[in-house]
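**Q** Listed here are the chains, written in short residue letters.
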Amino acid sequence: MSFAPLNRREMLQHAGCGVGMLALAQLCGVTPSVRAGAAQPLSPTSLHFPPRARSCIFLYMPGGPSQIDLFDPKPQVTKRHGQPLPIEKPKLMHSKTVDLFGSPWKFDRHGQSGIEVSRLLPHIARHVDDLCVVRSMVADNINHTGAALQMNTGEQAFSRPSLGSWVTYGLGSENDSLPGYVVIAPNPPFQGAPLWSSSFLPAAYQGTWIQDLNQPVSNLRAPNGDLDWQRQKLDALNQLNREHLAKRPFNDELEARIASFELAFRMQMQAPEAFDLAAESTANQTLYGLDDPATEVFGRQCLLARRLVERGVRFVQLYDTGSAGGPNSWDHHGGIPTGLPDRCRGVDQPIAGLLADLKQRGLLEETLVVWGGEFGRTPTREGTDGRGHHPFGFTMFLAGGGVRGGHIHGATDDFGWWAVEDKVHVHDLHATILYLMGIDHKQLIYRFGGRDYRLTDVHGNVVHEIIV
Amino acid sequence: MRRQAIILAVFVLGALGVCPLTASEQVANEAQHGWWAFQPLSDPSPPNVANDGRAPTEIDRFVLAKLELHGLSPAPPADRRVWLRRAKFALVGLPPTPGEMDAFLRDDQPDAYERVIDLWLSSPHFGEHWGRHWLDVVRYTDYLSPRADEAPEEGDVELFEAFRYRDWVVSAFNRDMPFNDFIIHQIAGDQLSAGGEGDVYAEGLIATTLLSIGVWDNGDADKEKIVSDIVDDQINVVGQAFLGLTLACARCHDHKFDPISIEDYYGLAGIFYSTRVLKSLGPVGLHTVAMRVPLVPQEYVQKRESQLARLAELEKLLKPSTEEATKTESTSNGKSEVSSSTPLPEQQRKQLEQEREQLQNDLLPAPSTALAVQDGATPGGLFPEIGDVPVHFAGRYDQLGPKIPRRLPTFFCGTDRAPIANGSGRMELAQWIASQGNPLTPRVIVNRVWQQLFSQGLVRTPNNFGLLGEKPSHPELLDWLARRFIERGWSLKQLIRIIMLSSAYQQASLAGAAADDHHDSYRLDPENRWLARFPSRRLHAEELRDSVLSVAGRLDSQLGGKATINLHQPRRSLYIQTVRSDRRNFSTLFDAADPGQCVGQRNVTTIAPQALFMLNDAFVIENAQHTAAKLAAEIPTDDSARIARAYVILFGRQPTQSEASIGRELLAAAAQRDPSTAWGEYIHVLLCSNEFCQLD
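Which chain is which? The protein sequence lines are A and B, in order.
For what it's worth, the working numbering labels the leading residue of the first sequence as 1, then goes sequentially.
For what it's worth, the working numbering labels the leading residue of the second sequence as 1, then goes sequentially.
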């Protein structure tokens with residue numbers, strides 16, 4: 001959870017770290033001893049640029065959604081269905097897809113922008129004028145684990161802080177009774193915690209994983225729910241702690257710990273309200289598809305995401321792991337003619353509901369919505385009716401939070417294999433997300449083990465073309 | 001010729017937009033040649049100090065010299081109660097019992113401190129406490145995902161045998177295994193001999209688990225990438241843990257700051273590519289599983305295999321006559337040797353049944369296995385034989401450059417060493433790292449020990465002694481300690497002992513009156529670099545949980561074995577599962593190391609969810625009630641005496657008058673609600689207090 005955890009020692013560590021100091025000096029805006037009062041939230045502050053987005057909701061489709069069936073129509077592939085790919089594929093040791101496999105689904109133009117969207121996503125299609133469809137995404141890894149790590153942390157193999165951790169480290173939380181970075185996944189995705197790990201950043205910046213929406217945060221309920229008695233105990237505790245502290249006048253960690261108990265007490269009263277989906281109107285529950293078993297699970301995830309960003313949570317990530325498809329539900333190596341429609345049906349209305357709801361509440365302007373997986377899928381066929389992993393050119397979309405709506409960015413070649421125009425690498429996406437939230441990705445730095453680290457390592461360019 | 005090839009490759013890759021290499025044969029620059037950590041160990045004499053009455057040991061003279069230089073003076077000695085609590089947590093990670101406290105306070109012999117240190121150095125719980133720090137450094141995890149205790153299945157990627165390594169580390173610390181041996185075991189223990197011909201040196205095999213429990217994707221399609229990541233993980237952990245070097249930075253290009261070239265990296269990579277970790281690459285789309293090595297001699301394995309083969313044969317022969325129902329099945333597969341229509345002659349069947357029974361009795365039990373490594377390459381991999389490997393441009397196995405002989409980094413080892421000709425070369429690597437002449441190894445471990453005792457190292461970047469690391473606060477002291485460490489046979493216990501006997505370790509952390517007299521030290525040295533006071537600290541995650549169990553009298557003292565998933569089991573926290581895939585657990589909440597990182601030093605954070613755990617988690621509440629029950633049994637009637645006893649058990653001291661009266665008030669209020677839980681409620685408050693989790 002994100003409750004301003006910098007203590008004095010860490011402040012001093014950071015202060016010695018050159019470039020990072022700038023970020024930190026601006027970040028804090030408060031004295032080290034106040035920051036050391038770890039129960040105090042980081043004051044919401046813009047870091048390097050005026051922020052376009054206050055919060056981010058990342059809709060993660062684990063396994064890799066098939067861009068050629070959803071957002072990147074390829075008439076040439078349909079025309080040559082069953083023929084070999086006429087260009088050379090990269091020499092991957094174990095690539096095993098064969099001939100071109102035209103999409104079984106039709107695309108229609110939508111909205112004023114006329115962007116083509118597959119008939120598998122009829123609800124999202126209605127919001128196409130709010131979407132910026134990036135058709136030229138590239139990633140470096142063809143395995144789920146490496147690619148999912150890269151999409152979430154920038155690094156393919158080793159533990160690094162996740163995107164959400166960096167954002168909360170940079171911007172703090174606007175609500176001190178809720179975690180600043182929340183991950184909602186009904187089942188753990190393959191890699192689990194490393195995807196939302198704070199890694200070497202303090203544990204407070206780790207994503208708080210909510211698996212069961214009915215039990216969102218551990219230990220949030222006082223024994224027997226008796227808050228009055230707990231208050232009495234806390235008063236006694238405070239008296240004892242004050243006496244202990246009086247003999248140790250120079251120890252601000254002790255003071256911080258006293259404050260953390262008070263914050264914990266407040267959280268018990270305030271946090272459950274934020275998670276209470278029953279408080280939503282029936283109309284709104286229907287908007288997210290809560291009344292339909294096919295859309296209920298992801299609908300609840302989306303609705304909770306809105307309630308959280310509304311209350312100042314900085315970063316929310318939803319994993320679509322609630323279906324029978326489990327942790328890699330979008331990994332359609334086979335059975336795509338039934339598997340993909342199933343997943344699309346599961347998320348289409350909930351996502352459209354989220355976009356509509358954010359918009360009608362005026363939250364879309366300040367909330368960046370990102371949709372995608374760790375890679376896409378091959379335009380070629382795997383087995384009888386599947387597609388393989390495809391990091392060479394795939395689609396993601398962004399909406400709200402300063403993003404240019406009704407816009408297509410980049411393109412893949414005629415066969416949907418390589419991204420050929422305006423390529424956007426995962427590092428570029430990260431740089432752009434940080435930029436939209438007011439952070440210069442080159443200046444958000446943390447020193448660990450004697451080295452400066454950033455989310456984008458030595459890479460990343462902000463894609464200004466997709467920003468209004 | 002080689003240089004030209006590289007330059008050409010750089011040109012081509014540059015044109016392709018691939019991250020180009022910097023100059024290939026990096027010439028170390030002046031800063032690197034002059035860097036303190038790369039110089040041979042010096043042998044400084046303890047300096048003269050103005051007030052040598054305050055520097056009873058040689059360590060203290062080094063410390064006092066710096067204090068005097070900065071206009072500071074050491075704090076007065078800590079109260080004996082405070083020191084005992086500090087020392088027991090430092091050595092075994094547990095609070096002193098009231099009996100231990102009494103005995104120490106009554107012991108007026110001059111060597112009382114020394115005897116207490118020796119007592120706990122020889123405790124079997126010493127290794128549990130100090131081993132945990134080493135496990136942080138080497139990214140140890142019990143499991144990848146939370147597991148109930150279940151048997152491994154074929155193709156299961158879980159690290160079922162990792163606990164053997166953890167137990168070995170604990171035992172090595174307990175035996176005070178010389179640290180140079182400890183290194184060699186972990187890098188090349190599979191090549192150490194047990195003595196007798198054909199005997200298996202299980203300890204050596206288990207120690208190499210260090211190399212196999214790495215952080216690598218055991219995933220699906222691109223198997224070669226996995227192998228190259230395993231190699232990188234091994235180089236990374238060996239570099240950071242033993243040498244304090246970020247060797248893995250040279251995977252894609254020459255190290256930007258330290259004298260390690262990409263050729264040095266691939267010289268080492270050849271060693272690890274020639275080290276087998278995997279059973280096989282595994283089928284595409286399925287997981288890659290680590291190899292298991294049996295901890296028994298080869299003959300045992302062979303004998304068991306032939307027993308199993310014969311048993312299978314007997315089953316087949318006997319099947320038709322014993323199981324009539326399967327007749328058709330066994331004939332239809334066409335392989336049945338005995339047709340169901342011609343049952344075995346009675347005598348023969350009896351004989352075979354006897355043989356089967358005998359064999360079932362004689363069958364050797366399945367051998368224990370370890371996640372050990374062996375010399376040999378990954379079958380079916382890109383480099384399937386022991387041998388040298390080429391540079392991987394930008395770290396990519398599909399962009400190969402010239403072959404680099406297996407060798408050690410040239411800046412440190414020179415260029416005239418013979419390249420490795422036989423085997424992987426891990427033994428050569430291990431021996432160099434563990435050699436007396438290595439300037440890094442002894443400094444790095446001595447610094448880790450100092451850090452564990454003083455909360456910060458003399459060098460505050462414990463895993464990085466390279467040019468981006470911090471310089472030492474007391475370089476002479478570090479070298480002096482490293483020299484003594486080597487002289488005393490690389491003994492960690494001796495090192496800990498001499499540091500704890502220094503007056504620097506015995507001084508007060510400035511609580512109470514001492515704080516008022518000594519507040520200048522905070523102003524002049526807020527970070528406490530010069531040690532004008534003892535650094536107070538928070539208990540680590542494990543210490544906190546173990547203390548809760550310990551004061552309740554419930555801590556299970558059993559050593560070793562598989563880790564449990566159940567936080568409520570009263571085993572030491574070392575045996576509560578660490579997993580990489582789910583970090584919603586107690587130890588993560590309280591800043592334990594991320595088992596996916598080489599963690600040289602833990603963070604210290606204070607967050608509300610920690611308070612929620614202390615306030616509401618059943619673990620704390622139950623143990624508060626257990627503690628209360630224990631107290632009630634010890635002191636059945638007198639409330640004031642019972643409060644005092646609680647303070648002695650929890651904090652090692654008597655309560656003040658006001659503390660006792662706060663206690664009585666709370667007890668009265670609690671008794672009105674429910675007399676049966678009143679004392680538990682009170683103890684719960686004490687467990688939540690700052691004092692319980694803080695060491696002066």
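Worth double-checking, as some hints may not be accurate.
[As the list claims (entries may be wrong)] To spell it out: a stretch of chain A is covered by chain B in this simulated footprint if at least three of its residues, at any positions, have a beta carbon under 8 Å from a beta carbon of chain B; those stretches are:
| hint | stretch |
| --- | --- |
| 1 | 243-255 |
| 2 | 334-347 |
| 3 | 437-446 |
[To be verified] If you want the footprint, here are the derived chain B segments under chain A, 3+ residues with CB under 8 Å:
| hint | stretch |
| --- | --- |
| 4 | 113-123 |
| 5 | 232-243 |
| 6 | 300-313 |
| 7 | 434-447 |
| 8 | 467-474 |
| 9 | 601-612 |
| 10 | 616-629 |
Treat the hints as calculated values from the structure; they're not laboratory data.
The beta carbon of each residue, even a glycine, is placed where N, CA and C say it ideally should be.
**Q** Does each hint fit the structure? Answer for all of them.
**A** Evaluation of the provided hints:
1. For a cut-off of 8 Å, the count of residues in the stretch 243-255 of chain A with a CB near a CB of chain B stands at 10, and the three-residue condition holds.
2. Under the rule that three or more residues need a Cβ within less than 8 Å of chain B, the assignment of the stretch 334-347 of chain A is violated, with 0 such residues.
3. Given as covered by chain B, the stretch 437-446 of chain A fails the check, having 0 residues with a CB less than 8 Å from a CB of that chain where 3 are the minimum.
4. Coverage of a stretch by a chain is defined here by at least three residues with a beta carbon nearer than 8 Å to that chain's beta carbons; for the stretch 113-123 of chain B and chain A the count is 0, and the condition is violated.
5. Counting residues of the stretch 232-243 of chain B whose CB falls under 8 Å from any CB of chain A gives 4; the rule of at least 3 is met.
6. Residue count for the stretch 300-313 of chain B with a Cβ under 8 Å from a Cβ of chain A: 0. That is fewer than the three needed, and the coverage hint is violated.
7. Given a C-beta distance limit of less than 8 Å, the hint that chain A covers the stretch 434-447 of chain B is violated, as 0 residues qualify and 3 are needed.
8. With a threshold of 8 Å between beta carbons, the proposed coverage of the stretch 467-474 of chain B by chain A holds, since 3 of its residues qualify and at least three are required.
9. Counting residues of the stretch 601-612 of chain B whose beta-carbon sits less than 8 Å from any beta-carbon of chain A gives 10, enough to reach three: the coverage restraint holds.
10. Chain A is given as covering the stretch 616-629 of chain B, and this holds because 3 residues of the stretch bring a CB closer than 8 Å to a CB of that chain, at least three being needed.
Going through the hint list in order, the structure does not satisfy hints 2, 3, 4, 6, 7.
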